[in-house]
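Please take these sequences and the hints and turn them into a complete structure.
Residue numbers (our numbering), protein chains in the order written: chain A, 1 to 246; chain B, 247 to 543.
What the hints contain is simulated information worked out from the structure, not anything from laboratory work.
Predicted model only: the values in this text are computed from it and were never measured.
Heads up, none of these hints are tricks.
Pairs of lysine-lysine residues, derived as DSSO-like cross-links and limited to a Cα-Cα distance of at most 30 Å, are as follows: (1) A:155 - B:263; (2) B:258 - A:212; (3) A:239 - B:258; (4) B:263 - A:212; (5) A:227 - B:263; (6) A:227 - B:300; (7) A:240 - B:263; (8) B:258 - A:155; (9) B:300 - A:239; (10) B:258 - A:227; (11) B:258 - A:240; (12) B:300 - A:155; (13) A:227 - B:506; (14) A:212 - B:506.
Reference excerpt, derived from the structure (chain A facing chain B, CB under 8 Å, subset only): (15) 79; (16) 95; (17) 154; (18) 157; (19) 159.
Every residue gets a Cβ at the ideal spot worked out from N, C-alpha and C, and that includes glycine.
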Amino acid sequence: MSSESPLVVLPGETIDPSLIPTHKKNPLRLGPGLRHIPPSEIVPTVAGQLVVDHRKTSMWIEYNGGRYIPSQGDLIIGQIARSATDFYYVSLSPYTPNATLPHLAFESATKKTRPQLASGELVYARVSLANRHMDPELECVNSSTGKADGLGPLKDGMVFDVSLGFARRLLMAKSREEGKVEVLEALGEEGLAFETAVGRNGKVWVGSESVKTAVMVGRALRETDEKGLGVEAQRKLVKKLVREMR
Amino acid sequence: MPREAEPSANEKAFLLKALQDEQIRLDGREFDQYRPLELTFGDEYGVANVSLGKTKILAKASAEVTVPFADRPLDGIFTIATELSPMAAPHFEVNRPTETEVLLSRLLEKTVRRSGALDTESLCLVAGQKCWSVRVDVHVLSHDGNLTDAACFAVVAALRHFRKPDTSMENGVLTVYTPAEREPVPLGWLHSPFCVTWSFFGEEGETALLDADWMEEQVRVASVTISLNRHGEICQIAKLGGVPVEAVALLQCTSVALTKVKEFSTYLDDKLAEDAKRRDKGGFMAELRAENDRIVG
Numbered sequence: 001m002s003s004e005s006p007l008v009v010l011p012g013e014t015i016d017p018s019l020i021p022t023h024k025k026n027p028l029r030l031g032p033g034l035r036h037i038p039p040s041e042i043v044p045t046v047a048g049q050l051v052v053d054h055r056k057t058s059m060w061i062e063y064n065g066g067r068y069i070p071s072q073g074d075l076i077i078g079q080i081a082r083s084a085t086d087f088y089y090v091s092l093s094p095y096t097p098n099a100t101l102p103h104l105a106f107e108s109a110t111k112k113t114r115p116q117l118a119s120g121e122l123v124y125a126r127v128s129l130a131n132r133h134m135d136p137e138l139e140c141v142n143s144s145t146g147k148a149d150g151l152g153p154l155k156d157g158m159v160f161d162v163s164l165g166f167a168r169r170l171l172m173a174k175s176r177e178e179g180k181v182e183v184l185e186a187l188g189e190e191g192l193a194f195e196t197a198v199g200r201n202g203k204v205w206v207g208s209e210s211v212k213t214a215v216m217v218g219r220a221l222r223e224t225d226e227k228g229l230g231v232e233a234q235r236k237l238v239k240k241l242v243r244e245m246r
Numbered sequence: 247m248p249r250e251a252e253p254s255a256n257e258k259a260f261l262l263k264a265l266q267d268e269q270i271r272l273d274g275r276e277f278d279q280y281r282p283l284e285l286t287f288g289d290e291y292g293v294a295n296v297s298l299g300k301t302k303i304l305a306k307a308s309a310e311v312t313v314p315f316a317d318r319p320l321d322g323i324f325t326i327a328t329e330l331s332p333m334a335a336p337h338f339e340v341n342r343p344t345e346t347e348v349l350l351s352r353l354l355e356k357t358v359r360r361s362g363a364l365d366t367e368s369l370c371l372v373a374g375q376k377c378w379s380v381r382v383d384v385h386v387l388s389h390d391g392n393l394t395d396a397a398c399f400a401v402v403a404a405l406r407h408f409r410k411p412d413t414s415m416e417n418g419v420l421t422v423y424t425p426a427e428r429e430p431v432p433l434g435w436l437h438s439p440f441c442v443t444w445s446f447f448g449e450e451g452e453t454a455l456l457d458a459d460w461m462e463e464q465v466r467v468a469s470v471t472i473s474l475n476r477h478g479e480i481c482q483i484a485k486l487g488g489v490p491v492e493a494v495a496l497l498q499c500t501s502v503a504l505t506k507v508k509e510f511s512t513y514l515d516d517k518l519a520e521d522a523k524r525r526d527k528g529g530f531m532a533e534l535r536a537e538n539d540r541i542v543g
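Here it is, written out as structure tokens:
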């Protein structure tokens, strides 16, 4: 991210041509929220922060809202809707078409050893195929190495719904510096033992031995998201929650 | 027709574990605690906007002059119209009432209409010929559980806030005055009933909670809706299926419900008084003055 102060754009606004990244060889790549009108016009379709990456010659709009639209490589938490002959139908968000997850797309799965999942169970999966006008496809295994890489069925624990923008912030490689999310670290520093899995479809799975800890983590996440808390406020919130629950 | 989204198996199991083993709710509330209840009135008379946590309901009361029913020539007409639109949740469809919608309108009917909260005789203008028809439209804007309690509160608030145009009868001529000619008059109101819904969890319904949110409603095994007013007069108790609940537990529920209803009642009275103060420009002389409202300071 190159811009020092976030640049907010509105739908239909003209984008300053000097902001558009150029490269000798690589074509410009447009991400979510931008639309190319031939021959040479780029128009935002949503309101949000314009993010320009000069290194990758790409630009997109960061906004918080709407429904999850699958794109290839996303990590998601899905809910098994039902099983068909050789794949599961998985719901990524309510009231949207299901994604498919082949029975054999799990680590060292064969016809006989594949995991048996009932409807309503959760999986942590990667979107392997996402084309427009087609149901997305998922996998719980890295197809080149055959390893699960932490993907697979999620046992016990609790799922909390967060906004899509917050899920993206949690998934950032440097979620503390860039995403301004410190709530999980702060909870860990308080000596709470828990594990999390963040799905890009706005779901966070929290697993813990103690029910109280999981509830506390969920409340902290939800409150941070809903109130848009800054780093300082997040730490304060965690302190408050810990005091309340003990 | 899209089916209602269901929480996952993990969520259901976790919620039950938290409620039964640890005695905590996911949002940190006490078992007998409501989510924050908020009420705002619109600019017009009879518009009440109620939010109970993320559940949001808009109720609008209106009145028109019609012909009374032939079998009740001395009574006015009072109807409550509930509609759950896809705006509340995508599985609701227009013109195809779901079970939730039918139960909701039935409960409101029983609580407000059949308990005689509104004095329908005062709506009669000319016996057998003309009467007021009062109608309350309930719009669910957002559905996060416990629609009944929020909707009932909204209906009562809208009706208590509503003013119908003043009328007079002279030499057999009925005149309906506009608000500019005569100040509109409130409805003949007898008592304010409120609904309080208990949800039960566990094999035999041993855990009871107030004001269940959407997720809790999906997991509960039974629910009881008690309607009563601040004097402890019970209008109805609805327990529609589910596991049986012990009589002693039910008595306890009713006594807690009474304290809640008293809180609702006080809150509504305060809000109505606040709104009346906001509308009151300070008597006849103040109304006649030609000055504009100026922002002080």
